[in-house]
Amino acid sequence: MKNWLLSRFRLVAGVVLLVVLTSMASVAWKIIAVVEKPEISTTKPVELSVKKAKKRFDPVLVLPENEWVDSTLKTLTIEQKIGQLFMVATFSNRDEAHYKYIDRLINDFHIGGLIFFQGGPLGQAQLTNRYQSQSKIPLFIGIDGEWGLGMRLDSTISFPKQMVLGSIQDDALIYRMGSDIARQCSRLGIQINFAPVSDINSNPGNPVIGIRSFGEDRENVTRKAIAYMKGLQHNQIIATAKHFPGHGDTDADSHFTLPVLTHSVEQLSETDLYPYRGMIADSLMGVLSGHLYIPALDSTPNLASSLSEKVVTGLLRKELGFRGLVFTDAMNMRGVLKTGKAAEVNLKALIAGNDVLLYPESIAETIAKIKDAIDQKRISEKIIDDKVKRILQAKYWSGLSQYKPIDTNNLYADLNTEKSKELYRELCEASVTVVKNGNDMLPIGSVIGDNMASVSIGEGSGIAFQKMLSTYKPMRSYTFYDGPSSPEQISEMLTYLEPYNTVIVDVHGISSNPRGNYGVNAGMVSFVNRLKEQNKKVILCIFGTPYSIQFFPETDVLICASQDGKDQQEIVPQIIFGAIKSEGRLPVSVSSYKAGSGVSTIPINRIAFGTPESVGMDGSSLKKIDELATSAVNEHVFPGCEVLVSRKGKIVYDKQFGALSYRTPERVTSETIYDLASLTKVSATLQAVMLLYDRKQIDLDEKASFYLPELVGTNKQNFTVRDILLHRTGMVSFYPPLWDRTKTSAGGLLPEYYSSKADTAFYLQVAPKLFAKGAMRDSVWKWVIESPMNNRKDRAGSYGYLYSDLGFLTLQKIIERVTGQPLDIFVAANIYEPLGLAYLGFNPLRRFSEKQIAPTEQDYRFRNQLIQGTAHDQMAAIVGGVAGHAGLFGTARDLAVLFQMNLWKGSYAGRRYYENATVPMFSRLYDESHHRGLGWDKAPGDGNSSYVSPQASVNSFGHTGFTGTMVWVDPEEDLVFVFLSNRVNPDPENAAITTHRTRRKIQDVVYSSLIERKSELP
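Residue numbers for the sequence shown follow this note's numbering, so the first one is 1 and each next one is one higher.
Just so you know, not all the hints are guaranteed correct.
Listed next, the in silico DSS-like pairs over lysine-lysine satisfying Cα-Cα at most 27 Å (straight line) [unchecked claim]:
hint, residue 1, residue 2
1, K655, K473
2, K421, K743
3, K1001, K648
4, K473, K81
5, K377, K404
6, K594, K421
7, K623, K467
Hint data in this document are derived by calculation from the structure and do not stem from the laboratory.
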């Protein structure tokens, strides 16, 4: 029994010890990398003379890795040990002959690793599994992914280049990028990323580093290199700082020649080595030695620093105390091969102190050369063992001792997550730099009086840029697709621009190559100069390297996006108009601007654009809307639709589905204009009422007859403005005799009321090819006054709820009588135009082509034609398209802005439209049984609605329209939902949108995508 207890005790103790040791293994490599290195300050230069190293007393690390490393090392032959020193280039887009060549290298020469270049993720995963299955020791898999997997592989994400990142002030974003790149690497079976570039680009003419560097400021470069490094290594991917000891101040490309770095020892210490010192003092696991000639460190003629024992062993190992893996830069580069034949150069690199030969040539010859060198005592087998041991330790740290094949299921989806896309967007946004903001022009607030135009210059031009500009302010946009090539072109453009006092110029086609002035041509510069000569205010937006700034003249505002792409082109206009802030700073000095220059701008409560993840929503969940909308189109619920979702002030989903009609191929776009039907009530009439309420020009509890004396003595003299808003006036819902009176007994149209041609008498457009007499407005109002009342009264004798269009026709009259202006002119001047809403308004055919407007009913009962661009509602149509209950047309984005202003309690873009308490007062629940606010529809308490999600909060409000439209605002979730369709085309009897509950189902998806709500689910 005693022996049994003792054995059980030993077993338990062993298990506990194993758990402890396993937990220690996660930090093992860090300990190995930094233990016993000298005290290193990131501010105090180290001595660069190669002195005799003090004797080190490395501790014996009793860790699980030692057993695996030592036991593995003992099983290796000298050939297998040497094989571990090779990391061979391979590709996943080659033919079987190439793949078999790699098979042979693994089987015959026992290579230690592979670095993948061009190809695709699935092909690489399949090849990695193939190659790993043949290797006795799991292979190191590396990638040169400075800006992510997209640098080398198709169908993967490319994050911004490092100089773009150099403009970012929040280094936590760089860490997050490193972490996400590490996640993607791990998913693809990669253990090493040859990043970050840690060179300080102090030479603007550098042809090989340039935008690959974080910039010229050593502190900024060091912080960001460490952040990137930690993001990788905290997620078990080895980071590799390059190109040691610094490639930033060279004017030649080491891919083709051997660059010379003439810095003194002091310069090297103060500048080039600064980031490496900081990274090594932290936890750097890998260094890549550059192919440079640096006489101050080793004056051996034409000797690449990567082959110099003084540089690799003396400086990096002994002086800087680096204990991790040293990789050579690619050994096929001409900068190093010019010094000798491949096998001899490879051997020199190992003798110099490198551990791994990257992209080597002549592998068989090199192995033979190394064996001969061991025999000749040029290099000892112990040194080979030490290198292999470091490699095996790193493989253990990377998890290769328990290698598992890559699961290729859902690979593309796992590599291209919505969170990754959101991170990319955040990086782009944080990097944009407002270099100059003369007279604090930015952000541009109210657009009233702004006289602006836009001109895009350069290859590719700024289609996305100009489209986003027009979202905030409709403006005339022009383009020089290839840049102005002649004075005549410039003069012609200036003629077009004469009416405008402010011109936004966006420049594209900027290259990263210092040759050819980074792609800036004389025509571009001349055009900007000519604009200045005409005393135009110029906002210059450069989409490319900040080095290109030097070729342009000073402008009132200068913005540098550092990189061109759809995201950057959409971000800059948002900064210009104050939807988002700008905090970027120049990473390099250029012209009169020093590195670190930049102006912060602040947002001014304007709707922005972003990803679902940026506002706490799940983008993948929102994709279910695509399925619902597409299915609805296929089932003829409506010909087409648009769905827009905004949260926390950002439009995060805006997609269009289907066509304008079943008979035409024209697709729905973000500029498709829809007949909003009863959304007119809350988008026009109610907005005007709230405005007049704030101005104390309308009293909600005053009788309508007070404002409209013609109601005195009628059956409509006693209801109040509040009664109208609550639909408790007693007025009937609608009154067909209003238009029936204008028809013959046979159903035709009376000629005294209508004409097929417009003239001075018949100018109210009822349909595209039908016009009514101008006196019709007075006749209709007279008929409204004479209309009967309903019989729905409560016990107190007051009229109960009955939804009424006639009530809102009455509200229209009150608004027009109080303001002295027609409803359409009043709301346009006081709300739509200040908000910059280009498409929202009545009678769209006066401003837009009918091809841009979704058609509604094929009207066989009244107008006998297709209704497109004129009000579908008959009562609104016969009064010329401007009515209090219907007649408004608009786009989803315009509605999003209007209702975002309402969500923000009447404030937008630095302007207050309503008092802070007004919208909440109008939108609160007043009639629970009929779910009504003042003018607003409210969510039914029982959740039994065909169009409102039961998840909508009690404080939410909105409205629907007969044509198949809906807006809904939820203050609790900071949410705006817009749905537009023309379900009445061609037949208004099509009720599938209600029976299918399409709008409700889509809104359900929106609420289910809220990440906070998901986390609260049991």
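Next on the checklist: Hint by hint, where does the structure go against what was stated? Just the numbers, ascending.
Outcome noted: Violated: hints 2, 4, 5 and 6.
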